Each structure stands twice: as C-alpha cells, then as structure tokens.
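K.L.:
Given next are the chains, with one letter for each unit.
There are 2 protein chains.
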Amino acid sequence: MDQRALPHFQEELQTLQQRLLQMGGLAEERVRAAIACLVSGDVDGLDAIASGDEPVNELHIEVDRRCFQLLALYQPMAVDLRAIVAAVKINTDLERVGDLAVSIAEAARRYMLHPPVKQLIDIPRMGDIAQSMLRDALDAFVRRDTSMAQRVLDEDDTLDALKSQIFRELLTYMLKDAVAVEPAIDLILISRHLERIGDHATNIAEDVIFMVSARDVRHQASPLPDR
Amino acid sequence: MDQRALPHFQEELQTLQQRLLQMGGLAEERVRAAIACLVSGDVDGLDAIASGDEPVNELHIEVDRRCFQLLALYQPMAVDLRAIVAAVKINTDLERVGDLAVSIAEAARRYMLHPPVKQLIDIPRMGDIAQSMLRDALDAFVRRDTSMAQRVLDEDDTLDALKSQIFRELLTYMLKDAVAVEPAIDLILISRHLERIGDHATNIAEDVIFMVSARDVRHQASPLPDR
Numbered sequence: 020m021d022q023r024a025l026p027h028f029q030e031e032l033q034t035l036q037q038r039l040l041q042m043g044g045l046a047e048e049r050v051r052a053a054i055a056c057l058v059s060g061d062v063d064g065l066d067a068i069a070s071g072d073e074p075v076n077e078l079h080i081e082v083d084r085r086c087f088q089l090l091a092l093y094q095p096m097a098v099d100l101r102a103i104v105a106a107v108k109i110n111t112d113l114e115r116v117g118d119l120a121v122s123i124a125e126a127a128r129r130y131m132l133h134p135p136v137k138q139l140i141d142i143p144r145m146g147d148i149a150q151s152m153l154r155d156a157l158d159a160f161v162r163r164d165t166s167m168a169q170r171v172l173d174e175d176d177t178l179d180a181l182k183s184q185i186f187r188e189l190l191t192y193m194l195k196d197a198v199a200v201e202p203a204i205d206l207i208l209i210s211r212h213l214e215r216i217g218d219h220a221t222n223i224a225e226d227v228i229f230m231v232s233a234r235d236v237r238h239q240a241s242p243l244p245d246r
Numbered sequence: 020m021d022q023r024a025l026p027h028f029q030e031e032l033q034t035l036q037q038r039l040l041q042m043g044g045l046a047e048e049r050v051r052a053a054i055a056c057l058v059s060g061d062v063d064g065l066d067a068i069a070s071g072d073e074p075v076n077e078l079h080i081e082v083d084r085r086c087f088q089l090l091a092l093y094q095p096m097a098v099d100l101r102a103i104v105a106a107v108k109i110n111t112d113l114e115r116v117g118d119l120a121v122s123i124a125e126a127a128r129r130y131m132l133h134p135p136v137k138q139l140i141d142i143p144r145m146g147d148i149a150q151s152m153l154r155d156a157l158d159a160f161v162r163r164d165t166s167m168a169q170r171v172l173d174e175d176d177t178l179d180a181l182k183s184q185i186f187r188e189l190l191t192y193m194l195k196d197a198v199a200v201e202p203a204i205d206l207i208l209i210s211r212h213l214e215r216i217g218d219h220a221t222n223i224a225e226d227v228i229f230m231v232s233a234r235d236v237r238h239q240a241s242p243l244p245d246r
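Line by line, the protein sequences are chains A and B.
Position in the first sequence (from 1) plus 19 gives the number in the numbering used here.
Position in the second sequence (from 1) plus 19 gives the number in the numbering used here.
Everything labelled a hint here was simulated from the structure, so no lab data went into it.
Some hints here could point you the wrong way.
A pair counts as met if it fits within one copy or between any two copies, since identical chains are not told apart.
[Said to hold, decoys possible] The list that follows gives simulated cross-link-like pairs (lysine-lysine, DSS-like), each with its CA atoms no further than 30 Å apart:
1. Lys195 to Lys182
2. Lys137 to Lys195
3. Lys137 to Lys182
Because the structure is a prediction, the values reported are computed rather than measured.
When you get a sec, could you build the whole thing from the sequences and use the hints?
P.N.:
This is how it looks when you write it as structure tokens:
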C-alpha cells in the first residue's frame, strides 16, 4: 500500500506548508518593520524587533519536528520526499531571516546614536526587494511554480548591485568626514544583512526548482536524473 | 525486514559521512589558506582561493544526492533518520563555509590594494578558532560525541568577543585617519565572515546533539521526546 496516497499524508503536508508560510510571513514582517523603524527613527520599535524573535524560533522547531514525523511515519517518495527535504532546508533559511531581522534592528539601533547619514540612500529599496523575493520564493514553493522561482533567482542580481552602489556612496561620506564613519558602517552592515535575506530567498527558489523538477540549479550543475 | 539492518545501509551511511568530512576538510583548508595568504600578502594565492570553490560545490551536490538516495531506498528510522537529516543540514553549512572562504579571499584581495592596517590585530586568531570549531563539530558528528559538540557551542562566545574587540580597535584607526577607512572595512568584513564560519560550526554542533539525543538545543527549547 502506498502510504503517500493516504489523505492524512497530504493533510499533514498542507499543514507543514502552512507553518512555513506563517513563518515566512512573520520573518518578512519583521524585516519590513525593522526598515520602517529605521526610516521613522522608532527606537522602541527597533528594541521590540531585536528581542522579538521567539515566534519564528518556535515555528522553526515545530516545522523541523513535523518534517521528521512525516519522513518517519509515511516514508514518502519522489516529489513528496523532495518536498519534505525542501521544507527542512527552507525552515533553516527562514530562521536565519528571522535572525537577520534582529541584526538589522540592532545595527539600526546603533545607527540612531549618531547624526544621520543623508537619506538612507537605497536601503529602503533593498528592503522592499528582499521582502518581495522572500514572498515570491515561498509562493513558488506552495504553488510548485518553477517560473516564479526562476524570477527570484534573477532578482538577486539587482540586490547585489544595490549593495555595491550603497557601499561606494557610503565610502565617499566616510572618507570626507570622520563623523560619518560609525553610522555609515551600520548602514553598510544593514545593506549586507538585506543582501543575505536575498540569498536565503535564492536558496529557497533553488530548492523549489529541485523539488518540482529534480533539477539541481545550484552551482550551475548538470541536471540530475529524477529519483 | 528492517532495511536499516542491511550492511549496505551502514556502508552507504559511512560513505556519506566520509564525503562530509572530505568537504569539511576542503572548506576548512580554504579558510586556513585565505587567512595565511592575507598574512603573507600572497595575491596569487588569494585569487586561487576566490575562484577555487568548485570541489566543495561538487561535493555539496553529491552529498545531497546521497541523502535523497538513502532516504528513498532505506526509509531509515530514529537515529539513522536523524543522521541523514543532519547530513542534509551539515552539507548546507559546509557549502556556506566554502562561500565564506571566497568572501574572505575577495575582501583580503581588496585589502591588499591599500596601505596595511597595523598587524591584522586578532584576525589570524579568529581564523584559528573558527577552523578548530569546524573541525571539532565534524569530529563530533562522526563520533556522535555530544560533549565535543557542546564544547563547540561554548567556543562561539570567544569568537563573538574577538569580533567585537577587533571592530572597536579598527574603528579607532578609522576615526583617526581616513586612509585607514577602506582597508579597515575589509578587515571588519573578514572578521564577520570568520564569525559566520563559527556560526556554521555551531549549527553543526546543534545538529549533532539533536541527532544523538533527539534533544533540540536550538533557541534553548525544552527537550523533545525521542521519535
């Protein structure tokens, strides 16, 4: 008897996906809030974000436990097996995004201690792109949509280019005026945290492509046979 | 019939572990070499590291494929299942360590374009600690040794403290002299890359503790029942 055909397995897999979406929504919201608080200068908001990682961490543990249960109880094969292994990986990525929201809030908190550097340059734009990459990567996972996943991979170049541009601009300020050094370093770090959020979205998109097509697009490798 | 009892499964699991060790050894050696080239000013060496990530990436794909095969063919349970899921995660961590060796080499390459900042402060020491954490975490995985894994977790605080100390020291130079700004930023980035290597070693150590004891030490959670 094929246990994968049991409605119970598909229900459990649905619940697992819902938990991942919930976790992704929470992580994304924390990134959005951190950048919004940086823009508006909301110190209390940043403190709340820096210390509010628990709901994401609880989901992290729950999702891992659900993945183990599904593997142990149903011994899934093919695309179902790939979906659960993808969930294990996506879970790790989302937990890191939660950590990065904390890092952004901490850097923004330090940034507030100094006179501001110009108008935060393109950091809010980087934040928007990182969030939408994350949202699209998770949508692609749930819909098993490889074209959507591919668009996430393409977006990553935009984020990297913005990071480099922000770095060059901040460097100019730092070289001109020592007062800009400390706040500019925090903005550089924030832009790197946002870039890493984009990297996590990229990882998720690669996992989606592998899950759906059993095609490994990481490291531009040759296609693997479907197992 | 319990497929886990088949000698074939244990052989395959051994091979999987050997590949992870091989990958860890490669990644660790690349980190060591990057710091050594930074210290000795070996530009060619750094270029070779920056473009030499392929062997780690090939192992990354191979290990993932082996994990899928083991899950699909043997439907392992309990500690065997946890060992394979741990391998999936460790594989991701080691691939990132390989990427971080590239990032260190690139930052070190940029650092060489400027007059040097003092004697690299404690960066070589951070490199030694990060490497030994990685080595110990993988040893703990192979030996299923939770006390060794716990020692890796403890070491992470040392690495974080060194990172903060390096940051403060470099900041002093940057505030005193604009010429130090660019090279100091690259050293700050290198120290953060090394800290992240320590974080990956920490992830591996946590996975080892979960694999052996089914106890989740991430986020200081309450123990989970053995499944």
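K.L.:
Please go over all the hints and tell whether each is borne out by the structure.
P.N.:
Now the hints, each set against the structure:
1. In this assembly of identical chains, the alpha carbons of lysine 195 and lysine 182 lie at most 30 Å apart whether taken from the same copy (20 Å) or from different copies (26 Å).
2. In this homomeric assembly, lysine 137 and lysine 195 come within 30 Å of each other (Cα to Cα) both inside a single copy, at 13 Å, and across copies, at 22 Å.
3. For a Cα distance limit of 30 Å, the shortest separation of lysine 137 from lysine 182 qualifies both inside one copy, at 16 Å, and across copies, at 28 Å.
Of the numbered hints stated above, none is contradicted by the structure.
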